[in-house]
Each structure stands twice: as C-alpha cells, then as structure tokens.
Amino acid sequence: MVLIDAQKVNKDYHNGEIITHVLKNLSLCVSEGDFCGIVGPSGSGKSTLLYVLSGLEPPTSGSVLLTGKDLGHVSETEMADLRQKTIGFVFQFYNLIPNLTVYENLLLPMIIAKDHQPKRIEEALEAVGLIEAMHQYPNQLSGGMQQRVAIARAIINRPKLIFADEPTGNLDQKSGIDVMNLLQKLNREYKITIILVTHNLEHIHYCTRKIELCDGMIVSDEQRTL
Amino acid sequence: MLATLCLIVMFAVLIANIPSSFSQVFENYEREKYLEIDLTLTFDENAVARLINKRNIGVRYSQEVKHALSFFNLNVLAETEESFYYVELMSALPHEIERLIDYDFRYLPDMGCAVTESLAQTRGISEGDQFSIHMLDRIYQYTVIEIVPDKGLFSEAKIFVNKSQLIRDFYGLTLIDNIGNTLYLDLNDHIDPDVFAETLMADPEYGGYLLQKTIDQEKIRNLTTANMSIIAGVGLIITITMVIVMHSLFPLLTKKLRQPYAVIMTIGGHKRFMFHVFALGIGMGFVLSSVVGIGFAMTITNISARAYGVQTWITMDIGATIMALVLVLCYLGFESVFQYRKITQESIVGLSRDLRYERHKFSPFITVIAGILLIVCLLVRLIPLGYQAIVILVLSFILAFQGISLALSLLNKFRIKPSVFRIFSLNYLKENRTIFHSLQVLFASFLVIMLALTLHAYLYTELDRTREQISSDYLMMNIFGYQPSLKAEIMAYDSVQSVEEMFASRSASVQKIATQEEISFNFFVSMDPLQFVESFTLGLKAPISEEYLNGDTPFILLPNELSFILDIQVDDAIYLQVGEHRDMILVKIGGFFESTYYKLIYSNVSLVSEYAPIYQTNSLVIDAGGSEDLFQEMALRYGSNMYYIIKTNEFIDMFASQFEVAIRLFMVYVVAVVASFMIVIMNNNQLVFQSLKGDYAKLKSLGMKTTNFAANILKEAMVLTIIVLIFVIMEIFVFIEFLPKVMLVFHYYNEIIPRPATIMLAAAIVTALYLLGQGYNLISIYKMKIIEEIKGE
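The listed protein sequences correspond, in order, to chains A and B.
Residue numbers for the first sequence follow this note's numbering, beginning at 1 and rising by one.
Residue numbers for the second sequence follow this note's numbering, beginning at 1001 and rising by one.
There may be inaccurate statements among the hints.
[Unchecked claim] Using 25 Å as the maximum straight-line C-alpha spacing, the simulated DMTMM-like pairs for lysine to aspartate or glutamate come out as follows: (1) A:114 - B:1695; (2) B:1158 - B:1096; (3) A:85 - B:1789; (4) A:191 - A:166; (5) B:1599 - B:1650; (6) B:1783 - A:70; (7) B:1791 - A:132; (8) B:1715 - A:81; (9) B:1487 - B:1528; (10) B:1785 - A:81; (11) B:1785 - A:166.
[What the hints assert, rightly or not] Counterexamples of contact, computed for chain B against chain A with all Cβ distances above 12 Å: (12) 1023; (13) 1225; (14) 1381; (15) 1468; (16) 1506; (17) 1575; (18) 1588.
Note that these hints are calculated values from the structure, not bench results.
Because the structure is a prediction, the values reported are computed rather than measured.
Beta carbons: idealized from backbone N, C-alpha and C, even for Gly.
All chains should be modelled from the sequences, with the hints used to inform the complete structure.
Encoded structure:
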C-alpha cells in the first residue's frame, strides 16, 4: 500500500529577488513498511523534501498524497488529524518541551489526539529503554536519551509513518547507533514506515531503501536488502 | 523592546518635567491674558475708595511705569431679545483697550460697543444689533459696532464701550481720562514688578487699593503644586510599572545572549566581550529611544498646553530631562549588569543545553518580610505620612506580586482531568518568569488605567457633586450698607422660602501657629453655622460642638484635606486672615467638611461680638424653591444698586472655569497614559507569545488544532484575568486609603476614590486588550510555520 505519492514536486524559496529552486520536478512513492533513507550532499534538498512530504511545508507546485489525502487540499483540521494519528516527527534537536517531564512530554500527544491511555507511555518508554527516566526533565538527560524520548513521543499514538530529520546529527557515534537500532526496531517490529534524512551514509545500512538527492533531484532510488 | 523603551523614556521625561511644564503653562496662560501688563490696581470690599486716579502714577513713577491704562470695569445686567444675563463691561479710551489687548478697534461712536466673539456666539449677537445694559435705574442702548476675536483680557462674556460717555453718565464728571476703577500697569523692562509693587503699596494714595501681580510666582507655584499632586499618585504607579516593564524585558533580551556567550567563552573569549556588545546595543537603543521619547513628551506637553488655552510653546526643562534620562540609563545599566552576571555565573555547557525558560518561584521570605513591614507601617508612624504612604503602597505592590506568584504556583495543585491546559498551560503558568512579569505589568497597567480614568471621572463628577451640595438658588452679592429691611423685602417675594445673611470674601487664608504654614482659599463665608451647614451641604466629618454653636468663641470650619496637610485637629487654634487688609485673628477649629474644588472655608466671625463690626453682611443666600423667574425680577430691581444677583450654580461655575481648564490639561495626560499602557499590555502579550511560540510550534507539530489552541488560550486568559482582578481589587482598597496621603508629599490632599463604574471600565479595557492580544496570538499560531519555529529554537 502506497503511503506517500509525490508527483512533479517543485519547491522554490524566495529571498528578495533571488529564487532558489530547492526541489525540481521530483516524483516519489513510499510504500507501507519502507524504511527510506534520504541522502545527499548539503543543500541537495533532503530536509526540504521531508518537510514537503510531511506537510510541514507546501510544495510550490506538484502534488503530495499522504495516505491518499492530497496535502495541497487538506484543511488545517485534517492536517492536524494526520499529525495526531498517522504521522510522527523526530527532529535533530529533539524538540521536547523543556519544562515538562518525560512522562508529560509523552502524555501531551495522547491528550491532543483525545486518546488518553497512560499505559502506552510505559510501553513506549520500555520500547526506547528509558522507563527509569519517566519523571525527569529533558535537560537532565543526555542528547541520545532525549532523542529516544522524542522517538517514544513520535510513536505514542501508533502512527503509520515517522519522519526523522537527521535524528543522529546531534549525537555521538554510540548514541547515533542506538537511535538507528531503535528506528530499525520500530520499522521491523511495529511495522512503522520511516522516512529518514541523514548525511551519514553508514546509517543507510539500516534502511530498506536508499534515495539519493543531488541539486533537488533524485539521482538514485534503490531498494536494499539487509 | 525599542517601543517600550521609548515609552519608558517618554514617561520619565514627562514625569520629571511636570513641575516645569505646569509652571510654564500657568505662567504663559497669565502672560497671554495680560500681555504686556505687569500689575493691576483695583478695589475690593476693603478698599478705601472705588475710583482710582492714575495721574500721579504718571508723575511720580514715570521712570518705572511705561503705560498706565485706566479702565472703568463693571459687572452689569445685559439684555438682548428679552434674555437677561451678566456681562463684564470694560470701558476705557480706545487707545487704552487697543494697547491692553494689542488689537486695532474700529471707531466706536458714543453709543457704540464692541463685543467679544464668544459672547456674540453664545448670545447670537451680530454687528448692528442693539444691546441693552441696565445700570443705575437706566437702560443704556448700545449698537454693536464690532465683534472682536477673544484676545487677552477681552475674552468670554465682555463688552467694550468708550469710557468718556459712561463716566459722564455715571458720575456726571468730564475730563475723566485719568479716572477708572482698575489700572493696568505696564512697567519698563528693567523694573522688577515685586519691588515696584512694594513701592506702590507704600504710597499713601495707592496703598489702600488691591494690587495684584499679573504673573504671581507664588500663585503659579501653588497652582502647579495642587495640579501636580493630583497626578502624583498616577505618576508613582507609572514609575513602578515602568520599572516592572523594564525588569521583565531584560531576561528576554539576555536569553538571546546565552548561546553566543557560550560560544565566545568556548573559543577563549573574555566574558566582557559579549557584555560590550550587549551594552552597545542597549546604549544605541537608549539614544534612539531618548530622541523619540523626548519628542513624544514634548508633543504631549504642548497638546495639553493648547487644551488649556496656552499657545506659547512649552519647552522641556533641561536639568529635569537630563535627570530623567540619567535615571533611566542608570536603571538600564543596573539591569544589564545584573542580568549579564546571571549568565556569567552559569556553566558554558548549561548555557548551551538548558532550554527551559527562566523560572520564578513564590518567595515566603519576601512575603513575610513585606508583610511585617506593612503591618509596622500601618500601626506606627515612622516617617512623614506622605512618604510612609508611598512605602505602604510599594509594600502592598510587593505583597500583591507575591500573592499572584502564590496563586500561580497553586494552580496546578488542582487535580483536574489531564488536558493540554492541565499539562502544558498550568505547568508554565506556575513558574515561567515571563508570565509572572507579564501579570505584574497587567496588574500595574490596570491600576494606572483605572487611576487615569478615576481622575477623569473625578474631575467631571466633582462639578456636579458641588452643584448638588449647594441647596440655595441665588446669592445676592456686593451689598453695601446692608440693612435688615433688604432681607424683609426679598422675603416678601412669593417663591422665596428663606433668606440668610452672610459675609463673603473672595480671599482668605489660614496659618498654622507652630509652623506658620499658610494655605489660601478662594471663598470665605461667615453666617449662622447651622444655616451654613444647611445651605452648603458639605458633609461635616463630625457635628460642631455645642460649645461653639452656643458660645461667642470665633471658630472656623475647614476642608478635610487641611487636617492632613497641616496635621491639625478639632479644637486646635489657627490664624485666619480674610482679605489682605484685615488683621489676622486667632480662631478655634470647629470641624472639618468634605473638600470642594472651589476652596471654601467658613467661620462664625460675623456673629462674634468682637468681630461683627468688621465682618458685616455683604451678601444674602436666597432659597427660592427652585424658581427661575425670580432672577430677572431681582436683577432688574437691585441692578440699580449694583447688587449682583447670581444663580448659585453660575457662581460655583465661576470657580469651576479654572477647574475645567485644568481638566482639559489633565485629559491629554490621561489619554496619553491610557494609550501608552494599552500599548504596554499589547506589547507585553507579544513578549509572552514570543517566549512560548517555540512550544506552540511543537504542540502544532503534534497535531493540536487551532480550535484547541483557542480554547486553551481562552482558559489561560480567564484564569490570569481572575487572578489579576482579585489582587487589583485588594490593591484598590489600599489605594483608596493611602493614595490621597501620597499627595501630602506635595503638600496637598485630595480623596480621589475610584468608583465601581470606573473600576469596571478599567477592567473592561484591560480584559478586552488582553483578549485582543491573545486573539492576535491565536492568528499568529494559525499562520505559524512549524519548521521555521522549530529550527529557530
């Protein structure tokens, strides 16, 4: 089943009179169960592609269908519903709410989605191996731990799809490996589709599909066997 | 930040310049009225004669006096189209009025007159109309030759006629160029009016008249102090609020310094480096806001001066302005160093990692200390009352802020169902320093707006209140050689219910024996004390004792404010002086009554056997049961004796005119204060939003809908508004008791009490603005680009 169907996507950024074409006529399909690794040099449009595919940024032209819904035509409420139940995000700088405990950070998405099941918090924390940090504040945790909390938050509402934007970019090698193992586990055990943007080619080994971008265009798209 | 700094500088400059600005306004008001005239010489009820001959001034004082203008001025009953009213008739030789008001009149024939533009407009008079004046049993019919724009002394209800013919008719005199009842003296430039006034008063020919300086610095000082003290309370609260606003701005500014500071330190930089950069930014902001702030302050001052009727440009006092700027700069410097030190005391790692907002916690220590100090201040007078009132207000502010802090910290103790409000909002409300500061600003802004509106309401309602206090309908004044038969004559009118004899004077003063402090009053009355209480229902603070009512002891009733200003009590002795030529007499204080804007005092001296010959009846208080018709009848009947029949309300309004122009002066300040604090509230709202928008972006990325944001923000707004309102209402009680006492610092006292309607209006303005700001925030959330905010964190 196709989760994402992007066709002829262009994305331009305007800076005064200067127009930067970041994505150029790009088409891409992502199927359920994929673990896509998007790689490419800096400025190739990796993160922009992720934002466009996840609905965080609108494309300048072209269409993006996310679970069959055209992101160009969904209402703000429909987009919010997608974020509550269908997709999750993991960012490079974790983006946890600093004045809430780990528990509260995980509780919040459930409350927003009106699906309050506190038991799932423990499950999610067990899945990321941080059950003991439940009542700590983010700034009391290491970067790797914070990123694992961010992943736990991303999966708390059982999404079909996780968008991860350089989740290891801010971590040391060991923590990076831990996070990648975790994402692989989510993909394999929980059948969550993952779209990962990374500049680290070693992380591609965890992915089932490698998409290489250069100058806003896909230069290679290959399935990988692990 | 820059906008707020501009407002802070503006208020600092405005407050520091109030004494100088008010003084300039009042001085220029007189200057524009009297133009080149330095002294006026006229008569009052104590004068030796009612006609003044200027001839010897020209002879004896030719070196000092440039021009002596002799006028014959009268209040007369005028009639146009069967409507009767009093006007002031000015008469002189044509060149004298031209010099007096610097205006070229058209030729006035014998029975021609000029009227002011405002009188013409009020009474529908046109050039060529007939204008009748009732004087000495005769009706004088004038033709209006010219309508003259109001200028200087020839303003409002005035007409001008040629003096020659008038005095010929009045006194049967000819060659009367030197004779008049008012002399306007224009002194040579090098002559000091004060010195010449003393010389003239020592002259046997002129010393018996009433001499007044047109620019009386003492009067201007008193006027400045009185007006300044009314807004002193608002000024104090504005100053406190501005300090709070600045204190709440700095953490937000220094938050942006944390990471750059950490970077600079990591690469081996000196910790002063970032401070220099920071200080340079603050300095540049200060310079820019000083220019804008001074510009705003000058604009507000001059708009208020125009509203007061002064056309002269009011300048800022350089010393006061520099002092205000230095104070603001010192505070900016203090805050910069204080906030920067907080950064330097943190570890570099902590600075780059800890993204939690700055936290604030309720301090039991501060609360207890402030509470104890407040109780001590309430029980024991440690310093002069005015200053102690300031201390009490500041302590009550501190306690209110601690109360707000405690209320916030208790918020998440409520075990309500888990919700975004419970998990997210209550969490940051309880400890986010920015929120706490914003509530402080909201609290203080509420009080400032409420005080400004209270001042507005007070000034307007005071007029109505005073009118209601006077239960009589008419005053007959200017009575010479009073005989009781006059009272009987008036009692014979059908509608007249009572007539009371009264001695009245337009000037009086009291002097405290111990300190010789002197307070002047506009209006002095002496009559039967019980009749006084009935006719002027001024609300005695306590009944007059029987000893005073039945005895022959001279006593005085004073406005309540004097008990605070002079620190005096009932039964104390005090000196009273009525008019400038009577001796000072010692009287007892019989009681205090509610203050009035027209500054009235009462004494029974006209009934005391020792003083009765000096204070003979010169006025009658007439209660005509509200009859309007009596005015015309009595005015015509007694006009020939030059007794003035004045409707009591109009009489009160004579005093009100100065009060009303003061209202116009204040209103500009009130509007400026309210508008500025509306901006402060909106700006403050934005600061809170800026500190939270990163978290809002995260919530949005988790799928929170705009409707949920709206519900959440509304709940927050309700909770915060309720908390602020509770503490504001408590603070209002402190204000009612102690704000009037703050005025004592300026040797003044006035009970300006916020009315429920004013409090409601202030609450409505503040709540509406707060909600408007939240609405704007909601739109910002709706339009927010999640990724920009998350990346920008």
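Hints, verified against the model:
Restraint check: the Cα-Cα separation between residue 114 of chain A and residue 1695 of chain B comes to about 19 Å, which is no more than 25 Å; the hinted pair holds. For the proposed pair residue 1158 of chain B and residue 1096 of chain B, the alpha carbon gap of about 16 Å is at most 25 Å, so the pair holds. Between residue 85 of chain A and residue 1789 of chain B, the direct Cα distance comes to roughly 22 Å. Compliance with the 25 Å bound is thereby established for this hinted pair. With a C-alpha separation of about 21 Å, the suggested pair residue 191 of chain A and residue 166 of chain A falls inside the 25 Å cut-off, and the hint holds.
Distance hint between residue 1599 of chain B and residue 1650 of chain B is fulfilled; the C-alpha atoms sit about 16 Å from each other, no more than 25 Å. Proximity of residue 1783 of chain B to residue 70 of chain A is assessed by CA-CA distance (about 20 Å); at most 25 Å being required, the pair is judged to hold. The straight-line distance between the Cα atoms of residue 1791 of chain B and residue 132 of chain A is roughly 29 Å, outside the 25 Å bound, and the hint therefore fails. Straight-line distance between C-alpha atoms of residue 1715 of chain B and residue 81 of chain A comes to about 23 Å, which keeps the hinted pair within the 25 Å bound.
With a C-alpha separation of about 15 Å, the suggested pairing of residue 1487 of chain B with residue 1528 of chain B holds against the 25 Å cut-off. Between residue 1785 of chain B and residue 81 of chain A, the direct Cα distance comes to roughly 17 Å. Compliance with the 25 Å bound is thereby established for this hinted pair. In summary, the hint linking residue 1785 of chain B to residue 166 of chain A is supported, as the alpha carbons are separated by about 19 Å, within the 25 Å threshold. The claim that residue 1023 of chain B is not at the interface with chain A holds, since no C-beta of that chain comes within 12 Å of its own (minimum 53 Å).
Once the 12 Å rule is applied to beta carbons, residue 1225 of chain B is consistent with being away from chain A; the minimum gap is 51 Å. Residue 1381 of chain B, annotated as away from the interface, keeps every beta carbon of chain A farther than 12 Å; the closest lies near 46 Å. Separation of residue 1468 of chain B from chain A is adequate, the least Cβ-Cβ distance of about 58 Å exceeding the 12 Å criterion. For residue 1506 of chain B, the non-interface assignment is confirmed: its Cβ lies about 69 Å from the closest Cβ of chain A, beyond the 12 Å cut-off.
With a minimum CB-CB distance of about 68 Å to chain A, residue 1575 of chain B clears the 12 Å threshold, and the non-interface call stands. Taking the minimum C-beta to C-beta distance to chain A, about 68 Å, the non-interface status of residue 1588 of chain B holds against the 12 Å cut.
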